[in-house]
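Asks: The sequence shown begins at 1 in the numbering used here and counts up by one.
Because the hints were derived from the structure by calculation, they are not lab data. Even for Gly, the Cβ is constructed at its ideal location relative to N, Cα and C. Careful: at least some of the hints might be erroneous.
Here are the simulated lysine to aspartate or glutamate pairs, EDC-like style, with alpha carbons at most 20 Å apart [stated by the list, open to error]:
# : residue 1 : residue 2
1 : Lys99     : Glu76
2 : Lys99     : Glu143
3 : Lys99     : Glu153
4 : Lys99     : Asp155
5 : Lys99     : Asp151
6 : Lys99     : Glu50
7 : Lys99     : Glu56
8 : Lys99     : Asp152
9 : Lys99     : Glu69
Distance windows between CB atoms, simulated [what the hints assert, rightly or not]:
#  : residue 1 : residue 2 : range
10 : Gly106    : Glu73     : 28 to 38 Å
11 : Ser164    : Glu127    : 29 to 39 Å
12 : Gly121    : Gly97     : 30 to 40 Å
13 : Glu56     : Glu135    : 29 to 39 Å
14 : Arg77     : Asn98     : 16 to 26 Å
15 : Arg67     : Asn98     : 35 to 45 Å
16 : Gln79     : Ala104    : 37 to 47 Å
17 : Val163    : Ser123    : 12 to 22 Å
18 : Glu76     : Glu135    : 18 to 28 Å
19 : Gly97     : Glu117    : 19 to 29 Å
20 : Thr65     : Phe109    : 40 to 50 Å
21 : Ala95     : Glu148    : 20 to 30 Å
22 : Glu148    : Ala104    : 38 to 48 Å
23 : Glu56     : Asp151    : 43 to 53 Å
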Amino acid sequence: MRILIIAVCVLLTACGTADNEQTEKNNETNNESGNNVNDQEEKEETMEEELAYHTEASLEDGLLTVRLELVNETAERKQLTFRSGQRYNVVIHDAEGNKQFDYAEGMMFTQAIEEEELESGESLSYEVEWEAEGEGPYEVTAEITVSEIDDDEADRSLLQETVSVE
């Protein structure tokens with residue numbers, strides 16, 4: 001009986017310690033998460049200052065042309081990482097919100113991580129043409145599909161833009 005009481009006491013003592021350790025770990029994780037949020041916000045602001053993304057679209061004689069451009073506005077080279085061979089995407093919707101065109105739909109891209117260096121002042125440009133099935137208006141959403149910039153996760157929302165074309 002004495003052994004059983006000692007075993008129960010040891011078990012209860014060990015459980016109490018585990019709770020304290022878990023609480024300490026949770027507190028540390030919460031502190032780190034708060035720091036990560038601040039770090040992520042700083043990275044997003046830095047990316048906005050370093051890389052400029054712009055989309056232009058025009059409709060002439062039934063041909064809708066979309067131009068995507070990413071410019072390195074820093075004095076340093078930037079390393080861009082893509083998770084596949086797809087470098088960009090363009091999706092076009094009509095006035096009712098129906099998808100009329102999706103560049104990536106039906107395409108096959110290499111499934112390999114690809115990297116590209118963008119020198120200071122250099123730009124990365126892509127152009128897509130689509131034969132429109134009417135006069136519009138159209139909503140064009142275009143994005144450059146960079147996943148990382150200088151080994152930091154890219155904020156994809158800063159590399160995407162929606163424009164209207166009539």
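Asks: So, for every hint listed, does it hold in this structure?
Replies: Going down the list of hints, with the structure as the test:
no., hint, verdict
1, Lys99 with Glu76, "violated, 39 Å"
2, Lys99 with Glu143, "holds, 16 Å"
3, Lys99 with Glu153, "violated, 29 Å"
4, Lys99 with Asp155, "violated, 25 Å"
5, Lys99 with Asp151, "violated, 34 Å"
6, Lys99 with Glu50, "violated, 33 Å"
7, Lys99 with Glu56, "holds, 19 Å"
8, Lys99 with Asp152, "violated, 32 Å"
9, Lys99 with Glu69, "violated, 23 Å"
10, Gly106 with Glu73: 28 to 38 Å, "holds, 35 Å"
11, Ser164 with Glu127: 29 to 39 Å, "violated, 19 Å"
12, Gly121 with Gly97: 30 to 40 Å, "holds, 39 Å"
13, Glu56 with Glu135: 29 to 39 Å, "violated, 19 Å"
14, Arg77 with Asn98: 16 to 26 Å, "violated, 42 Å"
15, Arg67 with Asn98: 35 to 45 Å, "violated, 24 Å"
16, Gln79 with Ala104: 37 to 47 Å, "violated, 24 Å"
17, Val163 with Ser123: 12 to 22 Å, "holds, 18 Å"
18, Glu76 with Glu135: 18 to 28 Å, "violated, 45 Å"
19, Gly97 with Glu117: 19 to 29 Å, "violated, 39 Å"
20, Thr65 with Phe109: 40 to 50 Å, "violated, 22 Å"
21, Ala95 with Glu148: 20 to 30 Å, "violated, 36 Å"
22, Glu148 with Ala104: 38 to 48 Å, "violated, 20 Å"
23, Glu56 with Asp151: 43 to 53 Å, "violated, 30 Å"
In the structure shown, a violation is registered for the earlier hints numbered 1, 3, 4, 5, 6, 8, 9, 11, 13, 14, 15, 16, 18, 19, 20, 21, 22 and 23, in ascending order.
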